[in-house]
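K.L.:
Residues 0 to 920 (numbering that gives the first Met the number 0) make up the sequence shown, in order.
Because the hints were derived from the structure by calculation, they are not lab data.
Source: prediction; values computed, not measured.
Be aware that one or more of the hints could be misleading.
Derived DSSO-like pairs (lysine-lysine); straight-line CA-CA distance at most 27 angstroms [as the list claims (entries may be wrong)]:
| id | residue 1 | residue 2 |
| --- | --- | --- |
| 1 | 731 | 666 |
| 2 | 345 | 228 |
| 3 | 503 | 586 |
| 4 | 804 | 698 |
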Amino acid sequence: MRIRNFFTIFVTIILTTICLYYILSSIDIKNYTLTLKKNNKKTLNLGLDLKGGISMILDISERDLLRKFSDNSQNFIFLKALQNADDKKKENPNIDYLSFFINSFNKEVKNKKLNINLSSPNLFGNKSNSEDIHPNSSDFEVEKFLRKKIESSIISIQNILRSRIDRFGIKQPNIQRIKNSNRILIELSGSGIKNMDRIKNILEKKAELNFFETYSFQEIVPYFNTIDKFFDKNHFKKSIIDILNISLIKSSHMVGLVHVKYEKIISNFLNSTEAKNCLPYHLHDVKFMWGYKNLNNFLQLFAVKINDEDEETSLNGNMVTHAYKSFGPLNEISINIKMNEEGSKKWKIFTEKNMGKSVAIVLDNLVYAVPVVKSIISNGMSQIYGNFSTQESNDLINILNTGELPTSVKIVQTDVIGPYLGKESIRRGVISFLIALSFIFVWMFFYYSIPGLYAGIVLFFNIIFILGILISMNAVLTFPGIAGIILTLAMSMDASILIYEKIKENIKNKVFILTSIHNSYSLQGALSSIIDGQITTLLCGIILFYFGVGPIRGFSTTLIIGILISMFTSICLGRLFLEWHLKKYKKIIFRKKILIPVLNTIQNIQYDFLSKRKWVYMISCLIIIISIFSFLFKGFNFGLDFVGGRSYVILFDRKIFPEKISEILSKTFPENGKPSFPRVQTFGSDNQLKIVTKYKIYKENDQVDEMILKKMFTALKAFLPINFYEFKNIKKNKSLGILSIEKIGPLVARNMIYKSFISIIISLIGIFTYIFIRFKKWQFGLGAIISLIHDSIIVLGIFSFFHEKFPILEIDQTFIAALLTIIGYSINDTVIVYDKIRQISKKTSITMKETINKGICSSLTRTINTSFITLLVISIIFLFGGKVLHSFMLALFIGISVGTYSSIFIAPSIVYDFVKKNMKE
C-alpha cells in the first residue's frame with residue numbers, strides 16, 4: 000500500500016510540475032485576456048477552426064501541360080495559339096485556359112486557311128497519344144481528351160501536394176480544388192507557418208519522377224560494416240547494423256528497415272563526411288533513398304545508382320505517356336507503363352543492362368516501387384508488380400500519368416485568415432464549458448458528498464495533464480480534438496461513479512469502509528468494468544489514429560491521451576484521496592438518501608428488461624427503417640466540408656466582426672425557410688472578410704450568381720457606402736466591395752471519406768475481437784457491434800429526417816467528431832453493463848435471463864447518473880456556447896441518449912437471444 004501511494008504521489012507531482020510548466024510557459028496574460036505565446040517552442044497549436052492560419056492559392060500552368068501533351072510541339076500555329084491564350088487569360092482569368100487556346104487555334108487556322116487540326120501528328124496526334132487520338136479524330140474529341148488529361152494531372156498534383164505537406168509535419172491542412180479552374184486552395188493552421196520560405200519551396204518544387212538502377216543488399220552490406228565503426232554507438236545504444244535491422248531483411252533490393260524515429264539519424268550519418276569517405280570506387284554513384292510507405296512505423300531504405308553523365312540511359316517521368324492497371328490470374332494488380340519514342344529506346348538499353356535486377360521508380364526522392372526486370376523491353380511497354388492495393392495502384396498510376404511536370408506550381412496569392420468559429424464563438428464556448436464543469440463539481444458533491452468533491456479534483460487534474468501533454472507534443476487542437484477531450488472527461492467521471500457505487504453497495508452489505516474501498520478498486524470490484532470499458536475505447540482510438548485522416552486523427556489523438564490519463568487519475572489518484580481522507584478523519588460518508596425520489600427508485604429497481612425486448616426490437620427496427628428510407632429519399636444536409644461553396648472576399652471601410660456578418664447573412668441565405676449560417680472569417684486585415692456559403696450550391700449559372708450577389712449586397716449595404724455595380728465589379732486596387740469570387744470544391748475528398756469509413760470498420764472489428772476475448776462469448780461482441788450500428792443509423796436518420804425543418808442538422812467535420820464521440824461513449828456504456836452481467840454470472844447459478852436482468856438493474860444507477868451528467872453538460876454548452884456549436888452539441892445529445900438506450904435494451908437483449916439460440920442448437 001505504501002509503495003502504491005508513493006508511486007501515485009511521485010507520478011502526480013512529476014506530471015503536475017511538467018504539465019503546469021508547459022501550460023504556464025505557453026500562455027500570455029495581457030489586458031485580462033489569455034493568449035498563446037507565439038515565440039514559445041512548446042505550445043498548444045490551435046487548428047484552422049480555432050485559430051486560423053494562412054491561405055494560399057496555387058496556380059497550375061495549363062499552358063505547360065498542353066506543351067507536354069503535344070511533345071513540346073514547335074508548330075507555329077500551336078505556339079501562336081498559346082500566346083493568344085496567355086493574353087486572353089490575363090484579361091479574363093475566370094475562363095479556363097483550354098477554351099481560350101482552342102478558340103485561338105481555330106481562329107488562326109481559319110485566318111491562314113491551313114489544313115491542320117488538333118489531331119495532327121505534330122500536335123496532339125503524336126505517338127505518345129496514339130491510343131486515344133487518331134488522325135481522323137475531331138477537334139471535339141481532342142478537346143475532350145485534353146480536358147480529361149488536364150483534370151487527372153491536377154488531381155495528381157493535389158495528391159502530391161497533400162503528401163508533401165503531411166511529410167513536412169503540418170497537421171490537418173485544408174486542401175480544396177477551386178471549381179472549374181486549374182487552381183488549388185491550401186489553408187494551413189498557424190502551427191505550420193513558422194517557415195514560409197520552406198513551405199513555398201516544398202509546394203512550388205517540381206514533382207520529379209525518375210527511374211534508377213539499384214544496388215542489391217549483398218553489394219551494400221560490406222559498406223555498412225565498414226562505416227559502423229564511425230557510428231556513435233554510445234549515444235544511440237545501438238550499432239548502425241542493428242538500427243538498419245539487417246537480420247530482418249529478406250528482399251535483395253532493400254538495404255535497410257528503419258524505425259521512423261531513426262530516419263533523420265540514418266540520413267545524416269549516411270551523408271556525413273566520414274561515411275562518404277569510406278565509399279569504395281564501385282559505389283561512388285550510390286544514393287540512399289527512403290521508401291514512401293510507412294510500414295507499421297518502419298521505413299524501407301534503398302540504394303540507387305545516380306549517374307548524371309549517362310544521358311544515353313537516363314530515364315525520367317517525361318518519357319511516360321500512359322499508365323494503366325491490369326489484373327493477373329489471381330486478381331493481383333500490375334501497372335502497365337508505355338513510353339514515348341525516346342523513352343522506348345532508352346528503356347530497351349536500360350532493361351538490357353539490368354536483366355534480373357531491380358529498378359527503382361522514384362518520385363520526389365521517395366521510392367514508390369522496385370520492380371524486377373524479367374526481359375528486354377524494346378516496345379516501350381512494361382509492367383510493374385509490387386503487391387499494390389487498389390488505392391496504391393490508383394495513386395501510382397496518377398503519378399506516372401502526370402510525370403515530371405515541365406513547370407512547378409506557382410503560389411499566386413497568400414493571405415492570413417481568421418478562425419472558422421470566430422473569437423466570440425470560442426469565448427462563449429469556453430465560458431459554457433467552465434459552467435458545465437462547475438455543474439459537475441456541484442452535482443458530484445450533492446450526490447456523493449466529500450468523495451464527490453474528490454472526483455471533481457480528479458477531473459481537474461485530468462484537464463491539466465491532458466493540456467500539458469498536448470502542449471509538450473506541440474499537438475494541434477481542433478474542434479474534433481475538443482470532442483475527444485469531452486469524451487475522456489465523461490469517461491473519467493464515469494469511472495469515479497462506478498467506484499463510488501461499488502463502495503456504497505459494499506457498505507450496504509455491512510462491509511467495513513476500508514475493505515469496501517479496497518474491494519472496489521480490485522478486479523473483482525469496479526476495476527474490471529473500468530478497464531474493459533476504457534481499453535475498448537482506447538483500442539478504437541488507436542485504430543482510428545492509425546487508419547484515419549483529418550478530423551478522425553485529431554479526435555483519436557486527444558482520445559488516446561485522455562483515456563490513458565483518466566485511467567491513472569481515476570484508479571490511482573482517486574483512491575489516494577479516499578484513503579488519505581479515511582486515515583485523517585477516520586470516516587468518510589457517501590450519501591445514502593437522495594432528495595430526488597426518482598434516483599432513489601432507480602437505486603432499488605428490479606425490472607424484467609428482457610421481457611420487453613420484442614417491443615424494443617420493433618421500435619428500433621421501425622426507426623431504422625424510417626432512417627434508411629430517409630437516407631434514400633430525403634438525403635442529408637451536407638455542409639461546406641462535403642459540398643464546397645461560393646467564396647467571396649469582401650473589403651469593408653471599417654473593422655468588421657465575422658459573427659455579426661454571419662448572423663445577418665443567415666437570414667439572407669435561408670434553407671427551407673430557416674436561417675443558414677455561412678462560414679465567415681477575417682481574411683488579411685480586420686476590415687476584410689472571407690464569406691463562404693453553400694446557398695444554391697447545386698445551381699450553377701450566371702443568373703444564380705448574380706442573384707446571390709444582389710442578396711449579399713442588400714444585406715451588407717449598411718457596411719458598404721457604394722452602389723451594386725461598384726460592389727460586384729472586380730478590379731485592381733479596389734478600396735471597397737468584392738475583391739474575388741471563387742467556387743471551391745469540398746474539403747472532405749472522396750478518398751478521405753473512404754479511408755475514414757475503412758478506419759471505422761476496422762475499429763468495429765477490433766472492438767468485437769477484444770470483447771470476444773474478454774467475455775469468452777462471441778455473442779457479446781455481436782451485441783456491442785449491432786448496438787453501435789443501431790446508434791449510428793438512428794443519429795444519421797434523425798439528421799436526415801428533420802434537416803429540412805432544422806438546418807442546423809448539418810453533416811460536416813464536426814458531425815463526424817460527434818459521431819465518433821457517440822461510438823466511444825456507447826461502447827464504454829455497453830461494456831460496463833456486460834461486465835456487471837459477467838460478475839453476477841460468476842457469483843450465482845441463476846438462469847441466463849435473470850443474470851442479464853440483474854446485471855442491467857445493478858448498473859442502472861451508474862448508467863443513468865453518468866448519462867444525466869453528460870447530457871446536462873451538453874445542454875449547458877448548447878444553451879450558452881453560441882449557435883456555431885448547436886449542431887455538434889445536438890448530435891452529441893441525440894447520440895448519447897440513443898447510446899444509453901441501446902446499452903440497456905439492445906445489446907443485452909441480443910446477447911440473450913443469440914446465447915439462447917446457441918444453447919438450443
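K.L.:
For the pair we were handed, residue 345 and residue 228, check the Cα-Cα distance against 27 angstroms.
P.N.:
41 angstroms, violated
K.L.:
Taking only the CA atoms, is the gap from residue 804 to residue 698 under or equal to 27 angstroms?
P.N.:
Holds. Residue 804 to residue 698 sits at ~21 angstroms (cutoff 27 angstroms).
K.L.:
Can you confirm whether the C-alpha distance between residue 503 and residue 586 stays at or below 27 angstroms?
P.N.:
OK: residue 503 and residue 586 at ~14 angstroms, within 27 angstroms.
K.L.:
Verify the proposed pairing of residue 731 with residue 666, using a straight-line Cα cut of 27 angstroms.
P.N.:
Measuring from Cα to Cα gives roughly 31 angstroms; hence the hint is violated.
In this structure, the earlier hints numbered 1 and 2 are contradicted, and the remaining ones agree with it.
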